[in-house]
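Novice: Once you've looked at the hints, go ahead and assemble the two chains, each given alone in its own frame, into the complex.
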Amino acid sequence: MTSSTAVAGASRLRLVPPSRFADRAFYGITLLSALAVAALFILVAWLLYRGAHLSIAKFGWNFLVTSKWDPVSEEFGAWPFIYGTVVSSLIALLIAVPLSIGAAIFLTDLAPLRLRQPLVSLIEMLAAVPSVIWGLWGVFVMVPWLRDHAFPLLKEYLGFLPLFQGPIYGVSMLAGGIVIAIMILPIVTSISREILRAVPDLQREAAYALGATRWEVTRIAVLSYARRGLLGAVVLGLGRAVGETMAVTMVIGNRPEVAKSLFAPGYTLASVIANEFTEATTDIYLNALFELGLVLMGVTILVNFLAFVLIRTTETPGSRRA
Amino acid sequence: MQTLRRHDRYRKFKSAGMSVLTVVCALIVVLPLGLVLAHLVREGIGAINWAFVTQLPKPVGEVGGGMANAIVGTFTLLGIAMTVGAPVGLLGGIYLSEYGAERLNVWIRFGADILNGVPSIVWGMAAYALVVVPMKGFSAWSGGLALGFIMIPLVLRTTEEVLVLVPNAYREAALALGLPRWKIVTHIVLRTGLTGVVTGVLLALGRVAGETAPLLFTAFGNRFWSHHLSEPIAALPLQIFTYAISPYDDWHRQAWAGALVLVFLAFLFSTGVRLFFADRKKSPAS
Numbered sequence: 001m002t003s004s005t006a007v008a009g010a011s012r013l014r015l016v017p018p019s020r021f022a023d024r025a026f027y028g029i030t031l032l033s034a035l036a037v038a039a040l041f042i043l044v045a046w047l048l049y050r051g052a053h054l055s056i057a058k059f060g061w062n063f064l065v066t067s068k069w070d071p072v073s074e075e076f077g078a079w080p081f082i083y084g085t086v087v088s089s090l091i092a093l094l095i096a097v098p099l100s101i102g103a104a105i106f107l108t109d110l111a112p113l114r115l116r117q118p119l120v121s122l123i124e125m126l127a128a129v130p131s132v133i134w135g136l137w138g139v140f141v142m143v144p145w146l147r148d149h150a151f152p153l154l155k156e157y158l159g160f161l162p163l164f165q166g167p168i169y170g171v172s173m174l175a176g177g178i179v180i181a182i183m184i185l186p187i188v189t190s191i192s193r194e195i196l197r198a199v200p201d202l203q204r205e206a207a208y209a210l211g212a213t214r215w216e217v218t219r220i221a222v223l224s225y226a227r228r229g230l231l232g233a234v235v236l237g238l239g240r241a242v243g244e245t246m247a248v249t250m251v252i253g254n255r256p257e258v259a260k261s262l263f264a265p266g267y268t269l270a271s272v273i274a275n276e277f278t279e280a281t282t283d284i285y286l287n288a289l290f291e292l293g294l295v296l297m298g299v300t301i302l303v304n305f306l307a308f309v310l311i312r313t314t315e316t317p318g319s320r321r322a
Numbered sequence: 323m324q325t326l327r328r329h330d331r332y333r334k335f336k337s338a339g340m341s342v343l344t345v346v347c348a349l350i351v352v353l354p355l356g357l358v359l360a361h362l363v364r365e366g367i368g369a370i371n372w373a374f375v376t377q378l379p380k381p382v383g384e385v386g387g388g389m390a391n392a393i394v395g396t397f398t399l400l401g402i403a404m405t406v407g408a409p410v411g412l413l414g415g416i417y418l419s420e421y422g423a424e425r426l427n428v429w430i431r432f433g434a435d436i437l438n439g440v441p442s443i444v445w446g447m448a449a450y451a452l453v454v455v456p457m458k459g460f461s462a463w464s465g466g467l468a469l470g471f472i473m474i475p476l477v478l479r480t481t482e483e484v485l486v487l488v489p490n491a492y493r494e495a496a497l498a499l500g501l502p503r504w505k506i507v508t509h510i511v512l513r514t515g516l517t518g519v520v521t522g523v524l525l526a527l528g529r530v531a532g533e534t535a536p537l538l539f540t541a542f543g544n545r546f547w548s549h550h551l552s553e554p555i556a557a558l559p560l561q562i563f564t565y566a567i568s569p570y571d572d573w574h575r576q577a578w579a580g581a582l583v584l585v586f587l588a589f590l591f592s593t594g595v596r597l598f599f600a601d602r603k604k605s606p607a608s
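Chains as they are written, first to last, in this note's numbering: chain V, 1 to 322; chain F, 323 to 608.
Just chain F, with the same shape it has in the complex (with noise of 0.2 angstroms):
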């Protein structure tokens, strides 16, 4: 009895030691991103001012200067990429949620699963063999295709996710009204969807924001405007690495700056509009 009742404390003893353990292993798991955001405003927010945003990179040795070319150049690229992207993921999660057959389907978000894993750096290489080489030049169209390509997958998947949760029942009143099948896709269950949808493309935009692997040798970067989107341009990610790995005390100070604003943007692009989306779909009108 003794021993049993003993045994019974230790049982306890060891379920309360393991959850302490669980609780500091979900503490150690979120700590990086605390540290990592501490060091980019402890030493991004100092950098950060009007000349960083407007201005170009200065050459080296000269202090000050900014970044407002690779700004522009990331928002440049994102269009792109929106422009390949967005349409065909869209259009191809619209199959698997409103005609696919079921073995197909399986197949195609099997296809869609793995080329989510398939790492950024390999599109760049794709982007390279399929548009600088022909082109003989490193491109914002090669850059953005790379994002693009990136892109497709994702949206692909979200789409499906939301579409699939429309209820039947508006597709069915709407085939009872004797609207065309595609009416009904397009009128009532992309838009019953739409913030859904927009939601996913916004993920998959902020996703490729911060890409660097697939633009060094697609988009390449640039220290000047690109007037032509058959030039290299500069973008965020691109520059805050060539910063980084230089041996000079200002770029670095720049690269954190330029990582805030990176950082800055992808939160906007996830966690923001997720949160503006999750308020407005409490509202009855949706």
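Same shape as in the complex, but just chain V (with noise of 0.2 angstroms):
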């Protein structure tokens, strides 16, 4: 009796590792680094209400609404800027989310297997493209085609549209849109298509067995099925969009007005701050772009959470993840 228990003692204290020290330590550090990213959080949002804390206290809200923004007299107003953003950012989302959506449909749907992999890796290959790269091609391409070819047909078949009147310039905030959108076309092609392919095949088998055809399956058991996660690819492209600003800010053409014309140039809050901070003077104009910077980074995390939680309600039990 004795010695068995002895037997067991002794067996247990050579079981006990030599020391916890380094296991701890190691656990220590992983917990620390995984809060980083509270900790970035907190630091960038505080950072950027230091920087603008004298714009904040002089304007208040009212920075928002005002559309004056003069450097002399130092008088800002961030109307503009915020017009801008949200119009050239409704431009990319109507052109970017019919597309990518098709695209997804033909990428889980119908496009052959042998293609499928192929088409992927190319559209991860668009969303390597560097955003001062779309400037660049947007400015000496892009650009002048609009220009030349594609604004002049607007004009004359639906120049009855505000929209659609004025001067033709080229850079633009249609232009800003259009850039924008082939610039978000990637990531909501990729998520919508993540977002179908976790449509449970029993959806589809189910509507095939009475009687529907590719398309009625399509819109009847995967698009409905997939709403809500589908409209949150979109929130997030919209994310994407907001805070978009090399590419944007070489095509929009950078005036600060609140234009009707969508061949008029426009300015947003992203290529506000990038072209005018190192110009900022005095310290209630860079006080102002701070503020700017708040703004697109309190309208981006609002946006992506509410992208977040649409996305995250759409994944279930039984759908394919393959």
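Honestly, I wouldn't trust all of these hints.
[Claimed, not checked] When the alpha-carbon atoms are kept at most 16 angstroms apart in a straight line, the in silico EDC-like pairs for lysine to aspartate or glutamate are as follows:
no. : chain 1 : residue 1 : chain 2 : residue 2
1   : V       : K58       : V       : E75
2   : F       : K336      : V       : D283
3   : F       : K334      : V       : E216
4   : V       : K58       : V       : E74
5   : F       : K380      : F       : D572
6   : V       : K58       : V       : D283
7   : F       : K458      : V       : D283
8   : F       : K505      : F       : E494
9   : F       : K505      : V       : D23
Everything labelled a hint here was simulated from the structure, so no lab data went into it.
Specialist: Quick look at the structure:
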């Protein structure tokens, strides 16, 4: 009896690791690194707020709705930039969303298996092209083409709308929207594809069994099932569109005006920061730019939060996650 | 009966039409890639020569010169970014996959996704306030730090995704041998998932290599060599931007050449690395 407990005690002694210090230290380091995400978030918000405090104190909420942006008289209002950001992002979504969802349907349900991987790789490459290169291409290829061919056509046939009136410069709100559209195509397509792939096959089979055609299956069984998730993909695209900087700056024309026509130059939150930050000579000017950054960050966080909620709720068990 | 059949025909026709439409959508989605690559190669290939990769930019008005300092500058910035971003992202990813309680994990993942969505120019402003203002000058440090910040959430998410794929049996086997947790993580879990983790880091590097906005008021750009990391430093995307919006034809030509080099780098990091590791994954060793 006594000998057996002694043996058990001895073996337990041997099993205890020599020191748990390394384990604890490693755990602590990884925990700290994971919490760095939260710390980073607070740090950025605090830095921007600190950088903007003069402007916040001076202009208050009026900053968001005033149209005057005059560094000389030190009066600053963000409205033209907010307007430009909203309009250019909406144009981008209008163009990119139907194309992306169409492409995602093709990739999940229609494309021959051999074609799928190459297409997905191409879309990944599209996502890997840096923003500044889209800007370069936009300035030298797209804008001249729009100015000489596409915009005159639009003006001729849709000129009765106030959206397509006025002089054509080439660089314009519409050009900005198109460049943003190109840049959000890959992300909206790949997220939509993930969402559509998550639709259970049972849904499709049930619709086929009822005699539905291919398109009817897509519409009834797939799209309606994935509605929320697709909306999430769209909202995520919106988040990207709002933050796009370089390419937009190069083609949107950079004029702080609220114009009805899409042919007129515009300005966005991100591009005014990119253009004027190094030129801001007075404190209040720099503070105003920081406040624009704060607005930009706030908007993208809200939008991404919404997208996160929408996409999460569509992930259900029983879906194919190949 | 007749009308029913006609209706069926209409349904089939509509289905076919919609199928064609999705094909068209897919084609339009990849069309810009073709257009931009075609232009890059056509405009850029002629401007790339030995001088372009070995010489400094020439003053305005003189033809020739190159972007050697910008190419070196981009790699310098990537080096700093990796030193900042990779370890934190990696260790954070390890926490999520190996230790984290599910409740906390959800929040950390969520936080990382939100940070991923923060526009890159905002990171530039943060690095400006954090480094440029106290150091009273633009510097390579601040640019690298801005890029490093962007890398953290990217690396964290990919690391976690790779490490959770390592079978639990490996961890259990190691525990049964009496190894301490940290050794299990570093010697077994990390080594099993090494290719994936490295791919994740390289993908993040490829993503930040093309970033311009966060460098505008941190690295700032430099027409000469930087001799110290506390000086402004040139970077390819910055140089392309400056040249593209300049009024000089020769600078435009060089902007295309720089863009070609940059796209090549970005593809090398993203697609190339993926193909390389995809091949290795098939071997029985891993």
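Novice: Each hint needs a verdict: does it hold in this structure or not?
Specialist: Consistency of the hints with the structure:
no. : hint             : in the structure
1   : K58/V to E75/V   : holds (10 angstroms)
2   : K336/F to D283/V : violated (62 angstroms)
3   : K334/F to E216/V : holds (10 angstroms)
4   : K58/V to E74/V   : holds (11 angstroms)
5   : K380/F to D572/F : holds (10 angstroms)
6   : K58/V to D283/V  : holds (12 angstroms)
7   : K458/F to D283/V : holds (15 angstroms)
8   : K505/F to E494/F : holds (13 angstroms)
9   : K505/F to D23/V  : holds (8 angstroms)
When each numbered hint is compared with the structure, a violation occurs for hint 2 only.
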